[in-house]
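> With chain Z fixed as given, assemble chain U onto it according to the hints.
Below, each chain spelled out in residue letters.
There are 2 protein chains.
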Amino acid sequence: MRLRCVAEDILSQVEEMAEREGVSCQGLLVGSAARNTWLAGDHDLDIFLAVPEEGDLGEALRLARKLAPIHQEKYAEHAYIRTIIDGFEVDLVPCYALKDASRIKSAVDRTPFHSRYVAERIQGLEDQVLLLKQFMKGVGVYGSELRVGGFSGYLVELLVLNYRSFLGTLEAADLWCPGQIIDLESHSLVTHQDPLIVVDPVDPKRNVAAALTLDKMFRFVAAARCFLRSPGEEFFFPPKRSAFSGEDLRSKIMRRGTSLMLVEFPAPDVVEDVLFPQLRKAEESVRTLMMRNGFSVMRSEVAWHDGSKVNDLPPRANGLARMLFELDVWQLPRIQKHFGPPLWEREHLSRFLESHPEPISGPYIEDGRAVVEISRKYTTARELLMEEMGRISLGKHLAAQVRNGYNIYVGEEILSLEDKPLRAFLSEFLEARGVIC
Amino acid sequence: MRLRCVAEDILSQVEEMAEREGVSCQGLLVGSAARNTWLAGDHDLDIFLAVPEEGDLGEALRLARKLAPIHQEKYAEHAYIRTIIDGFEVDLVPCYALKDASRIKSAVDRTPFHSRYVAERIQGLEDQVLLLKQFMKGVGVYGSELRVGGFSGYLVELLVLNYRSFLGTLEAADLWCPGQIIDLESHSLVTHQDPLIVVDPVDPKRNVAAALTLDKMFRFVAAARCFLRSPGEEFFFPPKRSAFSGEDLRSKIMRRGTSLMLVEFPAPDVVEDVLFPQLRKAEESVRTLMMRNGFSVMRSEVAWHDGSKVNDLPPRANGLARMLFELDVWQLPRIQKHFGPPLWEREHLSRFLESHPEPISGPYIEDGRAVVEISRKYTTARELLMEEMGRISLGKHLAAQVRNGYNIYVGEEILSLEDKPLRAFLSEFLEARGVIC
Chain Z
10 MRLRCVAEDI
20 LSQVEEMAER
30 EGVSCQGLLV
40 GSAARNTWLA
50 GDHDLDIFLA
60 VPEEGDLGEA
70 LRLARKLAPI
80 HQEKYAEHAY
90 IRTIIDGFEV
100 DLVPCYALKD
110 ASRIKSAVDR
120 TPFHSRYVAE
130 RIQGLEDQVL
140 LLKQFMKGVG
150 VYGSELRVGG
160 FSGYLVELLV
170 LNYRSFLGTL
180 EAADLWCPGQ
190 IIDLESHSLV
200 THQDPLIVVD
210 PVDPKRNVAA
220 ALTLDKMFRF
230 VAAARCFLRS
240 PGEEFFFPPK
250 RSAFSGEDLR
260 SKIMRRGTSL
270 MLVEFPAPDV
280 VEDVLFPQLR
290 KAEESVRTLM
300 MRNGFSVMRS
310 EVAWHDGSKV
320 NDLPPRANGL
330 ARMLFELDVW
340 QLPRIQKHFG
350 PPLWEREHLS
360 RFLESHPEPI
370 SGPYIEDGRA
380 VVEISRKYTT
390 ARELLMEEMG
400 RISLGKHLAA
410 QVRNGYNIYV
420 GEEILSLEDK
430 PLRAFLSEFL
440 EARGVIC
Chain U
10 MRLRCVAEDI
20 LSQVEEMAER
30 EGVSCQGLLV
40 GSAARNTWLA
50 GDHDLDIFLA
60 VPEEGDLGEA
70 LRLARKLAPI
80 HQEKYAEHAY
90 IRTIIDGFEV
100 DLVPCYALKD
110 ASRIKSAVDR
120 TPFHSRYVAE
130 RIQGLEDQVL
140 LLKQFMKGVG
150 VYGSELRVGG
160 FSGYLVELLV
170 LNYRSFLGTL
180 EAADLWCPGQ
190 IIDLESHSLV
200 THQDPLIVVD
210 PVDPKRNVAA
220 ALTLDKMFRF
230 VAAARCFLRS
240 PGEEFFFPPK
250 RSAFSGEDLR
260 SKIMRRGTSL
270 MLVEFPAPDV
280 VEDVLFPQLR
290 KAEESVRTLM
300 MRNGFSVMRS
310 EVAWHDGSKV
320 NDLPPRANGL
330 ARMLFELDVW
340 QLPRIQKHFG
350 PPLWEREHLS
360 RFLESHPEPI
370 SGPYIEDGRA
380 VVEISRKYTT
390 ARELLMEEMG
400 RISLGKHLAA
410 QVRNGYNIYV
420 GEEILSLEDK
430 PLRAFLSEFL
440 EARGVIC
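Chains as they are written, first to last, in our numbering: chain Z, 10 to 446; chain U, 10 to 446.
So here's chain Z without its partners, still in its complex pose (with noise of 0.2 Å):
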């Protein structure tokens, strides 16, 4: 296996050059690659160089950067490199070698211990843990990255650890409940409120499926019942589905008679794993402004679309960050109703009423509160979003970019946008449909 072979050339890389510049550090293969459980398309190569307990992680980073002259500086907790070596994609992470997992000092100290911890245990079950890995993928829920929300290849190789087989992990999930525990080496510390608790074995206190969203959990646990009712390659791969054409676009979105309202800015130059939480931040956040202003949202999404892909002159580096929301309706009255105190509460009714001299309607009484009916402020979704983006609560990176502008779309208007991110995006989201049995 080649990248095996390409692995152990790195590793005596790292030896060599640490001898040669004096530096105590150690190069460790951890990941998938290290054992045998790795699957075209996860991340290629992660390689440890492990510092002393006392050492300095900033040497490491040094070797790093001498190994691997052309690269990228990353960033997670610390700073690491990632480089293609031999057309595979290696990270380069510097990390302390720790004699306890109890006593690690930032997340990457711990991959050490689970690295060995599966491979001691894994032989003979690495079929399994790649088709339960392929699966996952096949059914969208495979990865812990905050966008997808999924399994991690590590949870993937506990649970195949646990049940045994890929089928034995189907069956076992087919009757999953939410707060389901899995605790291998039952010594449970912690109470989590999870929907999936995966103790995991090198740290007790750690739930390795704190990133799963209850959704995913149970995307998985769906496609797992109706695979076992009629299983099928298609799960593992299945069939490429085609964004819908311009025109079909159109009459699908007339059918349903919504309003879809697109909001668009250039992404922030930060690693997904920042972005995603952010644009959920702000997804949310425009929810709760058209809500609190009387429109309600069935659904939304977000994305991050690569700049490249984008029909947008000059491309943007890093991307559009997009955000599409399906309202019931975009145009309400001008009037509302504003609801005071109860008539009993004779200060507060008469501050109410000192604030409302003149209303549309009213003051009337109901269910023995003061009630005037009032002009309200945006009468469109669009004037509201135009008006009020810019005040509501966003992630840091998002806000800056959010203050140099943003666009947004409504209706036909967003079918004018022809990029192909965009209406892949769109169609997913028309689609919306799941294996659900």
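Do not rely on the hints blindly, as some may be mistaken.
Since the list gives no way to pick one copy over another, a pair counts as held whenever it fits inside one copy or between any two copies.
Unchecked claim - Here are the simulated SDA-like pairs of lysine to any residue, each with C-alpha atoms no more than 25 Å apart in a straight line:
hint: 1; residue 1: 249; residue 2: 22
hint: 2; residue 1: 386; residue 2: 342
hint: 3; residue 1: 75; residue 2: 14
hint: 4; residue 1: 261; residue 2: 366
hint: 5; residue 1: 346; residue 2: 432
hint: 6; residue 1: 386; residue 2: 338
hint: 7; residue 1: 346; residue 2: 149
hint: 8; residue 1: 261; residue 2: 425
hint: 9; residue 1: 346; residue 2: 259
hint: 10; residue 1: 346; residue 2: 235
Rather than coming from a laboratory, the hints here were simulated on the basis of the structure. Owing to the predicted nature of the structure, the values given are computational and were not obtained by experimental measurement.
Quick look at chain U alone, frame taken from chain Z:
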């Protein structure tokens, strides 16, 4: 006082006729005329024909028919006679003469006890009663008919007996909260859930204010508060508001931007106190129907319009029953979200998925539940009401009328109906202004 004189005359006629016919029956003047608290516009004269406890109400009724050959026969808990004598409207009501109010057989038997209780205590306070009645009339809370849901004449008298004056009552009311209890004889026996509880001095289990609605109670409180701050004749005799012109109505409706719907059908031949609860029930049923189908009703109101005043040929004997609804929106998108069971309820889920084999979108998972987007049965409030009006829960008499047909007018169409009571109804509905401080 001519009214009193007419009353005395009728009472002696009753006496004579009872003697002539050999019927044991005594005439009693009850109501406000009996105790000098009669206000113009109050029902004029209530004369009770009391038969002994073991006697026959039918004999009293026959006596009443002879006494007033030209009359209407009315029916509340049992039959009575309404006639015009010397220009006054007179009700001749058979009842039992009882020694003890706790042994009453129907509500009317209680009236003589009320009359006696008040008559024995009200001397010197009659003007205070008249002031309070006229004030309540001016601010629209006088009358315990179900249409009004306000204060009965007896209730007003008890308030004055309790608070000793018109102003005293207003000052006390300013501080009322829901659940306020007034117990003149300090012998409350039963807990009531009503907004105002005035223990009946002659029947301690009964709440004299049972018919008073929360909103009418606090309409009085609000008006009392305003009057105490800035007294004026207009509280007693509010300037008659003229209805808006057709042009004004049109522009006010346009300005609101809402959707008005009017449902109209011939009123059944029943008294107001039978009709109104049914109209309120129908109103509530329509509101529920709207809500369940995704339409939100901002406000609604019902009315009974005299057939002779309605521009409608042929005139309907009992007039028209009308229900007015104001909606946020009159049209909704074709699709609607339909939530199914959680993914872990496997049996329910199977049935749900089977019953929606081809949704427009989905099934997908939201908050752990299966969701499909399906076609809405009714996309406009008009269609909905046209189809479903005959199927909703209505009172007995209304249901019969609705089966015979009803009209629905939407938006502009309502303005094309030009009868006067409708214009007044619409004007009041749109204005919806109360005296609130």
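> Now, for every hint given, state plainly whether the structure supports it.
Now for the hints, and whether the structure bears them out:
1. Taking CA atoms no more than 25 Å apart as the test, residue 249 paired with residue 22 passes in neither setting, with 41 Å inside one copy and 98 Å between copies.
2. Taking identical chains as interchangeable, the C-alpha atoms of residue 386 and residue 342 lie at most 25 Å apart whether they share a chain (11 Å) or sit on different chains (24 Å).
3. Taking identical chains as interchangeable, the C-alpha atoms of residue 75 and residue 14 lie at most 25 Å apart only when both belong to the same chain, with a minimum of 21 Å there against 119 Å between chains.
4. Proximity of residue 261 and residue 366 under a CA criterion of 25 Å is satisfied inter-copy only: 19 Å between copies versus 47 Å inside one chain copy.
5. In this assembly of identical chains, the alpha carbons of residue 346 and residue 432 lie at most 25 Å apart only when taken from different copies (23 Å versus 39 Å within one copy).
6. Proximity of residue 386 and residue 338 under a CA criterion of 25 Å is satisfied in both settings, with 16 Å inside one chain copy and 17 Å between copies.
7. Proximity of residue 346 and residue 149 under a CA criterion of 25 Å is satisfied inter-copy only: 23 Å between copies versus 44 Å inside one chain copy.
8. Taking the shortest Cα distances, residue 261 and residue 425 sit within 25 Å of each other inside one copy (15 Å), while across copies they are farther apart (38 Å).
9. Proximity of residue 346 and residue 259 under a CA criterion of 25 Å is satisfied inter-copy only: 20 Å between copies versus 35 Å inside one chain copy.
10. In the homo-oligomer, the alpha carbons of residue 346 and residue 235 lie at most 25 Å apart only across protomers (23 Å), although the nearest pairing inside one protomer, at 48 Å, exceeds that limit.
Hint 1 from the earlier list is the only one contradicted by this structure; the remaining hints agree with it.
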